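Chain F: place on chain B using the hints.
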Amino acid sequence: MTEVLLARWQFTITSVYHFFFVPLTIGLAWLVAIMETAYVRTGNDLYLRMTRFWGKLFLINFAVGVVTGIVMEFQFGMNWSEYSRFVGDVFGAPLAIEALMAFFLESTFLGLWIFGWDRLSKGVHAATMWLVAFGSTISALWILIANSFMHQPVGYAIQDGRAVMVDFWALVSNPHIRVQFPHVIAGAVTTGAFFVLAISAYHLRRQTSDRALFRRSFILATIYGAIGIGLVGLVGHSQAQHMVRVQPMKMAAAEALWEGEDPASFSLLTIGNEAEQRDVFAIRVPGLLSLLAYNRLEGRVQGIKDLQIEFQHLYGPGNYVPPVAISYWAFRLMAGAGVLMGLLAFLALLAVLRERVDRSRRLQAALIPALLLPYLANSTGWIFTEIGRQPWIVYGLQLTADASSPTVTSGMLITSILTLTLLYTGLIAVDVYLLWRNSVGPHSPAAPAQAGSRGAS
Amino acid sequence: MNLNTLWFILIGVLFIGFFILEGFDYGVGILMPFLGRDDHERRQLINTIGPFWDANEVWLITAGGAMFAAFPDWYATMFSGFYLALLLILICLIVRGVAFEFRSKETRPAWRRTWDWALFAGSALPAFLWGVAMGNLILGVPIDPDMNYVGGLGDLLRPYALAYGVTSFLGFMLTGAVFLSLKTTGVLAERAQETGERLWLPTVIVVYLVVGYGYFFTGMFQRFGVNPGIVPLTAGAALLAAGFLLKRRYNGWAFAMLLVGIAFTLLTLLIGLYPRVMVSSLNPAWSLTIYNAASGQYTLRVMTIVALIFLPFVLAYQAWSYWVFRRRVTPESHLEY
Chain B
1 MTEVLLARWQ FTITSVYHFF FVPLTIGLAW LVAIMETAYV RTGNDLYLRM
51 TRFWGKLFLI NFAVGVVTGI VMEFQFGMNW SEYSRFVGDV FGAPLAIEAL
101 MAFFLESTFL GLWIFGWDRL SKGVHAATMW LVAFGSTISA LWILIANSFM
151 HQPVGYAIQD GRAVMVDFWA LVSNPHIRVQ FPHVIAGAVT TGAFFVLAIS
201 AYHLRRQTSD RALFRRSFIL ATIYGAIGIG LVGLVGHSQA QHMVRVQPMK
251 MAAAEALWEG EDPASFSLLT IGNEAEQRDV FAIRVPGLLS LLAYNRLEGR
301 VQGIKDLQIE FQHLYGPGNY VPPVAISYWA FRLMAGAGVL MGLLAFLALL
351 AVLRERVDRS RRLQAALIPA LLLPYLANST GWIFTEIGRQ PWIVYGLQLT
401 ADASSPTVTS GMLITSILTL TLLYTGLIAV DVYLLWRNSV GPHSPAAPAQ
451 AGSRGAS
Chain F
458 MNLNTLWFIL IGVLFIGFFI LEGFDYGVGI LMPFLGRDDH ERRQLINTIG
508 PFWDANEVWL ITAGGAMFAA FPDWYATMFS GFYLALLLIL ICLIVRGVAF
558 EFRSKETRPA WRRTWDWALF AGSALPAFLW GVAMGNLILG VPIDPDMNYV
608 GGLGDLLRPY ALAYGVTSFL GFMLTGAVFL SLKTTGVLAE RAQETGERLW
658 LPTVIVVYLV VGYGYFFTGM FQRFGVNPGI VPLTAGAALL AAGFLLKRRY
708 NGWAFAMLLV GIAFTLLTLL IGLYPRVMVS SLNPAWSLTI YNAASGQYTL
758 RVMTIVALIF LPFVLAYQAW SYWVFRRRVT PESHLEY
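Chain order of the listed sequences is B and F.
317 is the number that our numbering gives to position 317 of the first sequence; each next residue is one higher, with no gaps.
Add 457 to a position in the second sequence, counting from 1, and you land on the number used in our numbering.
Okay, chain B solo, but in the shape it has when bound:
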């Protein structure tokens, strides 16, 4: 049992860490591609400076995303060999396709982009960044197809105790992926936008040298971010409705809904007693959960206790309740950060429309710490969706407790957790230092001597 817990901790640490970098890669890649295309189309040097500046930060971030991704691919086999044997027939295919379709594309064309400034025509050079953006997005699509199978298994049959693929199209058109993929991509767009907004706001506030660069970046990122966060909200809503139908237990945990209700109430704040499955203190809005779930003021949303009884009926004795407090708070942190970002994007949009970007000093001040919001939302979003699926690793098919590698001992796990955690801590320190140095520190356009410098020195 300890081994399973340790393996879960390692997966949590490595996947949350990996996902610090991925959304920015995807979000910024499209933005840099847009900037460079604007340069190619207009010939305006401003867009070239923007491409260079944001492109460099993109590369620093990209490097860590790539190397921590390799750990993810190896980890299924290393720590979850029973899982790999059980679902490999279904789950391995999207992973292999991801590498073949996306990783080659990303890595080859990023090499061409970094080194191709003097070798390729302007148009072709811009096209390489579009291909990088496309590759990183396709990569997200395939890994999410794999992940969707864990939440909503489709296109498979159980043969000799293993899940076997019987319908590839069912797998790739999983209803779950149709809501999850747009949500993740819109989240990535939002992350890219808030990254650019925070750094641009810093420079506009400090009135550093290249004001034109940051004003134009601010405007572009505002539009980009408003679209992103708007989509996140819209898709998030249909995602929640999908969850009520497919993973009702996750929704019940997210709402700390112990007993089923019709009409169901939405929790504004619940302090609960998880062991006894009851509220200690709760403020709930009557009917709101039904409204969110079904777009009308009535409709039954099942509670944790009903579902536990139902699941014991279906799957035999056991505890089928995910950690409620973590699910509840992770969901609220994610949604709360999302609402805040929506508000900020709205204010930024107003500032842009009223041409008050330079004078909105309080908005600029607010956008700098707001850089943390997309990271908070991305991490808690993943923690929520994966914790809320527990105790299952593949919903309804395999328990997490049955999925880990039988030959990997707790000593080995502690070794790998400690090594990876130490390494990752060092890496994020270096990465943040380099991002800081190249965005607002001495190496950025803020420093007069370095203004307009290209590439690394």
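Since the hints were made in silico from the structure, they are not lab data.
A portion of the hints provided could be inaccurate.
[Unchecked claim] Restricting the straight-line Cα-Cα distance to at most 20 Å, the calculated cross-link-like pairs of lysine to any residue (SDA-like) are: (1) B:K122 - F:W777; (2) B:K122 - F:H791; (3) B:K122 - F:W780; (4) B:K305 - B:F266; (5) B:K122 - F:L792.
Only a predicted model underlies this, so the values are computations on that prediction, with no experimental measurement involved.
Relative to the frame of chain B, chain F by itself:
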């Protein structure tokens, strides 16, 4: 030919692609601190593989993904069994990957030296460890009837497997030296040439000893019989030819011969392995094969179609990137890394 065999071949191709491409860029990483006497020289060396290293590494990632998809039990047994060894390789790949990107984003000499050594260690250890892993695959490791690896880390580090590590380390370093002699100019190219000439003989001796020992004292090459056939002979001949071509400064041809040598050496090992993918040293019946470790026919068929559609594109655009960056890196070149 059935789909199981086809996927054994495809995964073999991916590993061969990885070893011949990432092989020389590991070699460059290993030689860089020694051939480059100052920062500017080291930067030129690193920039010779700058546009390529990441895509080269993707051959490994794809091979891993293909193992998972086509032979899930192979993937599960090997990755959980070689746990600590793979952890070490992962750490190397992480450190190496960021070293490229981070090294020249800061000017302090101590910073750059640190990342140079990170790049060296991140290249040297995997160059050695992939050889050890290959050796163990073919020699067999303790696998129980439930397909679980029941040995420890020590079982993987036995002398003969380590000899495979020395072989791959030397082979990659030699290929890296010849690559550098083709991609640099002046004094750097001269140094690379000299290093290549000096490395060739020890490499040949080690390869011949390791293969010879395997042939006469282990059962691994039984199937080749007395006349080993065209594949191992090509590997051996290509390696010999590379040395003579290098001495006569036909470096392009020498490089090609080294790639042929690496590819055919791996091919020899794969033929020795087939149809097994992991050999059990406890009981031959417990070995993992392309049949008992495989996914179903439906999955293999889907994967075959996907591979046939996308592999040609991958080969085409990767080849194009080598073409775009075909010129040598000179002291005057604009350096990105």
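Structure-based check of each hint:
| no. | hint | verdict |
| --- | --- | --- |
| 1 | B:K122 - F:W777 | holds (17 Å) |
| 2 | B:K122 - F:H791 | holds (17 Å) |
| 3 | B:K122 - F:W780 | holds (18 Å) |
| 4 | B:K305 - B:F266 | holds (17 Å) |
| 5 | B:K122 - F:L792 | holds (19 Å) |
When each numbered hint is compared with the structure, no violation occurs for any of them.
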